[in-house]
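What follows is each chain in one-letter form.
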Amino acid sequence: MTAFARSAPFPAVTMASVAWAVAIAIFILLRVGVVWRAPVGGAELDHLSGAWQASNGVEDSRYVSTLYQAVTALTLGWTESETPARALALAGTLTIPLALLLLRRALGEGGALLTLLLLALDPAGIAIGATATAAAWDAAIAVWLVAALVAGRPPPWAWLPIAFLAATAGPLTLPVIAGAVVVAAMRGQRPAREAVLWGALGAALGLLLASLQFGLGAEGLRIPSLHLLAVGFGEPWSGATVAQLAALYGLPLLVGGAGAGVWLIARLRRERRAPAPAEALALGMAGVAAIWFLVAMPSHSPLPLAAATLAFSFLLGPALARLADRLLDARWGEGRWLLAAALALAGIAAFALSGLAHAGGSGGNAEQALFAASLTLAAAAVAALASGRETAPLAFLPALAAGGALLVAGASGVALSAGGEPLPGPVSPASARDIRDVALEASASGGSVVVHERYREALTWPFRDSGDVVLASHAPPPGAAVLIWPIDEPAPEGFTALEGRWALERAIRGPAGFLGYVRWLTERNSLGEELELVAIYVRAP
Amino acid sequence: MSGVAEAFAFWGVAVVIAALALPLAFRLFRRFPDGGAGLAFTLGLTLIAAGYFLLRVAGTLPAGRGGLLLAIALFALVMVVFAARDRRFPATLRRSLPGIAAAAALFSALFFGYAFFRAHTPDIAHTEQPMDFLYLNAMLVSPDYPPHDPWFAGERASYYYGGYLQAAVLTGASDVWPATGYNLSLAAVFASAGTAAASLCAALARWLFGRRARRWVALAAAGGVAALLFAGPLASVFELAAAHGADHQGVYEAFGVEGLVRCGPNPQGPCTGQPLAAAATWYPEDHWAWWRMSRMSYWGPQPGYTDVITEVPAFSFLLGDLHPHVMAIPGALLALALSAAIWRGRGVLSWREHRRRPWMLAAVALVFGSLAFVNTWDVMPLSLALGAAVIARNLRAGAALPAISGAASWLIPPALLAVAAWSPWIAGLSTSSVEGLYAYSGAGTRIRHAALLWGASVAFVLPALVWAFRRRLRLEAGPLAIAAAAPVLPFLLWLALVAAERTAGVFSEGGGFGTAFGARGTEGWLTLGFFAVALWLLAAATLALARRAHPAAPLAGIAALAMLLLYGAELLFIRDALFFVPRHNTVFKLSYQAWLLISVASPIALVAAFRFAAPRARPLLAVPVVILLGGSLVFAVTMTPNRAGGFTEPVSLDGLHYVGFYHPDEYALIRWLAANVEPEAVVAEASGRVWRMGDEGKAVLEDRGGYGSFGRVGVRTGLQTPIGWPGHERTWRGKDVSPEIDRRRDRVDRVYTASSRDEALAALGELGAAYVVVGREERERYRDGLIPPFGAFLETVFAEGDVRVFRVPVLEVVATR
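As you go down the protein sequences, you meet chains S and D in turn. When the count follows the numbering used here, it moves up by one through the first sequence with no breaks and lands on 547 for the last residue. When the count follows the numbering used here, it moves up by one through the second sequence with no breaks and lands on 1035 for the last residue.
These aren't lab readings, by the way, just hints derived from the structure by calculation. Among the hints, erroneous ones may be present.
Claimed, not checked - Derived coverage of chain D by chain S (criterion: at least 3 residues anywhere in the stretch with Cβ under 8 Å from a Cβ of chain S; other residues may be distant): (1) 281 to 287; (2) 1023 to 1035.
Said to hold, decoys possible - Far from chain D by the CB rule (all over 10 Å, computed), these chain S residues: (3) A105; (4) A184; (5) P197; (6) G226; (7) R228; (8) F239; (9) R273; (10) T382; (11) G473.
Stated by the list, open to error - Across the chosen pairs, the derived CB separations fall in these ranges: (12) S:R111 <-> D:F334: 54 to 62 Å; (13) S:P242 <-> D:R889: 13 to 21 Å; (14) D:E977 <-> S:Y523: 29 to 37 Å; (15) D:R575 <-> S:V24: 56 to 64 Å; (16) D:R575 <-> S:A518: 53 to 61 Å; (17) D:R889 <-> S:A389: 51 to 59 Å; (18) S:E65 <-> D:Y880: 30 to 38 Å; (19) D:E920 <-> S:L300: 23 to 31 Å.
Just so it is clear, CB atoms sit at the ideal spot from N, CA and C, and this is done for glycine as well.
Next up, chain D with everything else stripped away, as it sits in the complex:
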């Protein structure tokens, strides 16, 4: 298949899956203007991947395309029955047809648009893309489930790999070459995220504005898509200006972005910025200019090393890592939409409801369970949203205590079902890499940086909400007092952790109140204070609106949840394997979720402000909005051509295109391995260490290696190899696994540096490896002729250029009776 044909096949499968999910989407999202059509892409894929996983674990479905197609077929059968038993299905279908058409058109436009972009920068070559590709291939190739870990032969994957499974469903069912499927999966995530955002924003806006305000609803939906997929940090404005020479040091220092000042190739005098020349094109030209927006530490001097990731979706889609937090976006929006739909529904929810509508129980369990499966970080905040939605719905009908107890009895069964369904995955997770909750005792985020990252969206959501609902938002003592718990409780928790000296900051661990309070600079306290006040006000607004069952309540609630995440990340963090940068993952994951939530809330709040403003006030309102909106779009507009090399590079969707171009023999190796090696086999490849011949004729270790181009056989084929990236294995399995990692690396090195046939065969036997690869990586890492003459005692089963694959000779007796 050509790249275009593959793109159409992939798109076709995604659209078919969405169409199949419509009957359930109609039931879950009956009150959405599109009947949930915009969420059907994600809903269908989520449920099919979940079903496929469970049936694979049970041994019912075999590996291969047939199993994937059968999972889709079984889902189709269930959905057809579901539609047939829904008396309102035909009417909902008729009513939702415009929404379905709009969702399909939006999905298609986003999918092919992103595929076009990605075709100009398709390589699976950098950051953690090899790891992402590894898991995608593992899902496709693994002979049994839970899937194996191609970098740790004989062990199951220990990671949240649900998103890779979803990508594998689309890739495998459409019979697309996995390296192309990787890029098309990104396009599918991009498209389904945009479509889900549009659907959710349209629903929330419709509830706010009523049936007749179609244009306002459409505007809110379009705003949701733009805010989620294209908005970026305002700091990009400074980067663009600097690229064109407008980088006055004083101004940049005032905004805390002096790190973006261009110093030229040979800076004269003190210059804190980048040693780069000005752009000759309208967009910044220097290599990977877009990377700087993902880390505040590049923007300006930080008090200490605080290289936390402050990534936003627009950056993620430019980067092109098929990472869990990216693949989780559509699912998170689906969960949020489901929470909103549940809030909007009628009747008290308790466990009895599950007897009446068991499909709802299953849907909630699978959607929220999948959240954990795809990106575990998402499940807690979005479960909080679900819980709040159920309680708020029950509160409309009665007192607080029965409302809460009913909600609990409704929530527990899907939670238990989700845990039971994903128990095979949970059982394979290593918990030793997570050490629990800690108080953050560092400098915190500078207020100027917080404003440049969050300014546009927060500036929209808070004032717009206040403006739009000023008549409803009378400052009542009750909601204000209750809402105060939102910022106070996390702060008390922080204090308690500090008291227990369970704290850590930049290069510091432990320490009491003095350290914790002193480490946070003025700007850090200002940021914390701002988030606390915003959280308090938004929580109070949520309570006030929810009490009146006002349709703006979910909007305020979503914004409040976003603030809680940002506030929480300034106070607390989860200590994990990436502790070498404190709160690295916590800020990254939580602020990413916050961005997602605010992307939904801010455009609707903004449109509401316009909608409810007096006509003569609208132009006044428009001025700051246009400035902030324009500023937030600068990142995507200017960095897309930068990332795509000005759209001048040759077009391909094959993520291994560059391998074929530069190293055709390595490309042929991958094709051969994928086609000929049985999925159970273990393939030996370079361990990552670098060896040279010592003076005494023995191998001498030169470099321990840790993260690089090795491990490519596991990455590109999904076949099991003894050991891949050791740092990542430690992250996934905990530091207890280090001795085993070293043992495996030693054995692999013994294979490639063996001085005799017997030594090599013994090491291969200990690894259980049937194949040995000798290619570029091996020749670069086992230098000076260290590699033994495998061809003399192993079979040469593949030879192309300098690349060889050797197989351990087969000799076995079979009884034919």
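The shape of chain S in the complex, shown without the other chains:
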């Protein structure tokens, strides 16, 4: 170290620290806005409703008693807003970069950094980690579990809080736990006795509190992660299916992660070595998450996708870091023209495809020919790059560019304009709260607010803190001042409808077909919406 360096007033700034700072900043910025801007929808709508009911002391199957949901119920005890709960979700999620900093040795500096970047840009992670779903803290707990398992040896007592958090977490932690169990069994590892005892104590405490629903009442042996995973197969926690969500938001991480996993296994076989602890755990958790994701593809929940993208990031991040090293060593001079040609041709193909998509697939032959020719030539250029030993790494760049673009588009869509995205969905729009305000106002002079029984669950969140509401299936019950009624039911006698378009729920339809998907990528607000419209009737004067 020079005398100048010793006497410098600021610490030396390395490229790595700048990169970490940028990645952390992206991680934070993409989530902060969600806390205030995103509409309540999908799993969050369900879980906030459950937490609201729990805060009222009402048994409701939507309250699954993860630690986070219990905390949410606590916050809803003194505020009706979702924002404090979301802020707490964000606070937990923002510890993820810290955990990844601890994982630098295990994943490599570049690997940890790129894993953080992938997690930062993961649309499903953004949607869940910054909103008040019961699984809001899951990603953070999962990453800290990874850190605890591979980044060092926490003191035995530390397993008490770790196990407590895992026992009271949602299902995103399960791939890590299952992966760790499998890896430990395969490697013949036995944890230290003291750590097991502390861990068992923490888990027992967590399960006890979860089973008591954190004070709401005993519900048998409740393991929130298992419960949420299981009910996720049947609950409408997303308007789109897992498969559709994956196609819209998860392709880069899923395809890249799967490729990275295959690459890792091939490398391990070629090098005839056992996987490092981090590699083994990443493979284990990715395997478990992939099975969950595949089995859950027809169901309507963002959680399987979030679990898969989280786990796959731990494969893809280190793989990208390794690829980056190869790129640095590659002969750019030899491949630069081919690479430029490939990127240019891919760009032309994308442009032509976009034109076709905007024309609704009815573009001219010339456009179709242009797309086919440019795509074929781009593929040929990539193949030529891949055929050269020294230029092969460059062949990944077009795919990386495409994946990166998709990831950024998805992340920015969910983070910055979630109201227009299929994730989350269906949402409780602002008009839902307006319905409640109008109804309360209309009933202020006497009489009750009556909501059709069909909306029993949908009314919980928008009608929170509205006093007593009557649920009825027959109109009009005695004493009714206002009716919130399905529009397909006949108008009740003695009531007049309030003018307006009153939507209790709103869902953004996913794009139809491949060209619709392409169009959506280039024109984000091109999707149609579905509204659950209701009529508001007030007693005629």
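Using the hints provided, position chain D relative to the given structure of chain S.
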């Protein structure tokens, strides 16, 4: 999903479960040639269903497909850890690969073959199939566990429903429509039973013949599959002959099957047989011809009414009732295989062994506990087999007393664990329908009928065993004397019960020695004597072989156990709710188990006889074998096309296909209820009684009903209804429940015959019913416009054709704070 896609999904789940169970199968059945792969289908399903049940009872798993998938996933995790910690797993896997491939191929062939057959006769429509479907749906729909009884709203199921739970695991996890899942569950039982039989027979044969005798082993395995799934009573030969006009009355009388003589539509002169015409096809054509083989009373005149069921698996699979005794076949074979594997293992077993291998303790507890859960009748005989296996193993290492005490200390912990694990189910069982053990004082089974039912298999097993092991089976006084206890002790028990006048026969109850001895006819005594001698000889052979640790010992032991069951059923019976036909259930259940056991023993004994016979003696041996074998296969070969309508009917796997065809509105009703009604809700449907409008304008009871097409909402959806088949509820819950049954029926009838809105609402309130169904059943049972205008005071939530569903209006105040 289409039927084919559903079949593949269902098969896929079954195969995945089997693959997941391989690590444990390898540990339990290491000495089996296939590493237990053929038993893995049953092992996996048994353990997953047990785990699912316990986790549901604990409240850990929710209802729905997710809970089922999670149970499979947790099992997978345990198995992966199990495999990872088994150092011999890779080697066992490599060694067992041919066996695994063979098991998978056999399972697939049997599964799809049976599904093809069933697709030609898919209806869930007759016998006790509605009840079976009811329980399958209850397992799938019940919001909490132990599952509710859809025919007795508010109460838990009181029956051995473990098999339905296993069927529900496959149906729910594969997301198959339950009515299709019913038929595919039958296919899975058929396939896993065949695969388990092949695995067990292959193992027993391998131990007998050695590693090099692969063809003999394969032959024994194939024989096991054929004997279990396709063999039937020899009486079928007479039925086939009669269908083609060869039914000489004298010959038929000589064999005691004059009841099978065809008398034509207008019989001339005395004819004891069936008023049916001869067949125009190669197989008997008349409706339900295969039914006659399940009851000896159809074969020929019986001394009194002795309509005991003498069903065999081939009949069960033709009939298609998804009944406990059918679903228990794979589990019983698994338990038998586990007993054989334990016998084959090394080292003395005592409680200390459980500390070393706790997984074995859990496996034994869950496998044998599941036996009771699936078909309680199976647990006692197969526990006897397990106990004998453990004692025999311990005897190889030491004296009798320590061997027995060690065995007891080894057996007690899994027994206690099993009782503890299934205590939530046991607590829900009604014991008032079982009145204990009685001495049978009827005529007994005619020897000719016994020969026609058991002849083929018994003819194989006894002589073949004697022939194959003639050098080992020196008549030693010790084993012969000890073995004599096997027939003598049950007979002494019979005498004691007779002395206590705890006897019953055909239309008779009580009576002393005179009645008991006199009632049994000559043929009955001959049958009893034959079974006694066979039991004695086989028990002696078992002892003699076991003393030498000879690999034929389990074979003889299995055959001896079968004879004990047949012998026991001729002497004693358990008096239960089906007492209107004495020993009805006892003969049915015990002879079914005996068939299962002999299906394992007889093909191996037969192959052994060939294997150890001099080459020039084999053709001589082949003649009777081919005749008997051919005769025993006549039933399955000729009755399969009969049952499948010549394979000319339209193909569907949906068990409610016929409902959709004949009554599309009723089918739509079921779909609607399944999709829209919350599982906790109570749905009112017809009580089963028939009412008409009386002269005074009041409802008059016309028919009390008891068993029929009513109760279909509970059956087809698993939703709770106030009351279903009353006779069955009495069977399950005991006769003390009769007043409650009547009370419920009265209330349901009040709903459908109410003369005012208030009366109907009051009755609905007493039933706790939120929905009322008015469909075909209701219109047929509440006639002359008795049904009130529900639409005027209830909400009409479903309307299709003539079918309506009404809902009690909701009106409640919810506090939003």
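Verification of the hints:
Here's how the region 281 to 287 of chain D fares: 5 of its residues keep a CB closer than 8 Å to some CB of chain S, so the rule of at least three is met and the hint holds. Coverage of the region 1023 to 1035 of chain D by chain S holds. Counting CB-CB distances below 8 Å, 10 residues qualify, and the rule asks for three or more. At roughly 24 Å from the closest C-beta of chain D, the C-beta of A105 (chain S) stays outside 10 Å, upholding its exclusion from the interface. Not every CB of chain D lies more than 10 Å from the CB of A184 (chain S), the least distance being 5 Å, so the non-interface label is violated.
Against chain D, the non-interface label of P197 (chain S) holds: every CB pair exceeds 10 Å, the least being about 14 Å. A cut-off of 10 Å between C-beta atoms contradicts the statement that G226 (chain S) is not in contact with chain D; the least separation is 2 Å. Once the 10 Å rule is applied to beta carbons, R228 (chain S) is inconsistent with being away from chain D; the minimum gap is 6 Å. A beta-carbon of chain D comes within 10 Å of the beta-carbon of F239 (chain S); the shortest separation is about 3 Å.
At roughly 22 Å from the closest C-beta of chain D, the C-beta of R273 (chain S) stays outside 10 Å, upholding its exclusion from the interface. Separation of T382 (chain S) from chain D is adequate, the least Cβ-Cβ distance of about 36 Å exceeding the 10 Å criterion. With a least CB separation of 7 Å from chain D, G473 (chain S) falls inside the 10 Å interface cut-off, contrary to its annotation. Roughly 60 Å separates the CB atoms of R111 (chain S) and F334 (chain D), a value that falls within the hinted 54 to 62 Å.
Restraint check, P242 (chain S) to R889 (chain D): a C-beta distance of roughly 19 Å satisfies the suggested window 13 to 21 Å. At about 60 Å, the CB distance of E977 (chain D) to Y523 (chain S) disagrees with the hint of 29 to 37 Å. Restraint check, R575 (chain D) to V24 (chain S): a C-beta distance of roughly 58 Å satisfies the suggested window 56 to 64 Å. The given range of 53 to 61 Å is respected by R575 (chain D) and A518 (chain S), whose C-beta atoms sit roughly 58 Å from each other.
In this structure, R889 (chain D) and A389 (chain S) meet the distance hint of 51 to 59 Å, their C-beta atoms being roughly 53 Å apart. For E65 (chain S) and Y880 (chain D), the hinted distance range of 30 to 38 Å is not satisfied, since their beta carbons lie about 43 Å from each other. The hinted range of 23 to 31 Å is not satisfied by E920 (chain D) and L300 (chain S), whose Cβ atoms lie roughly 57 Å apart.
Hint violations for this structure: numbers 4, 6, 7, 8, 11, 14, 18 and 19, all remaining hints satisfied.
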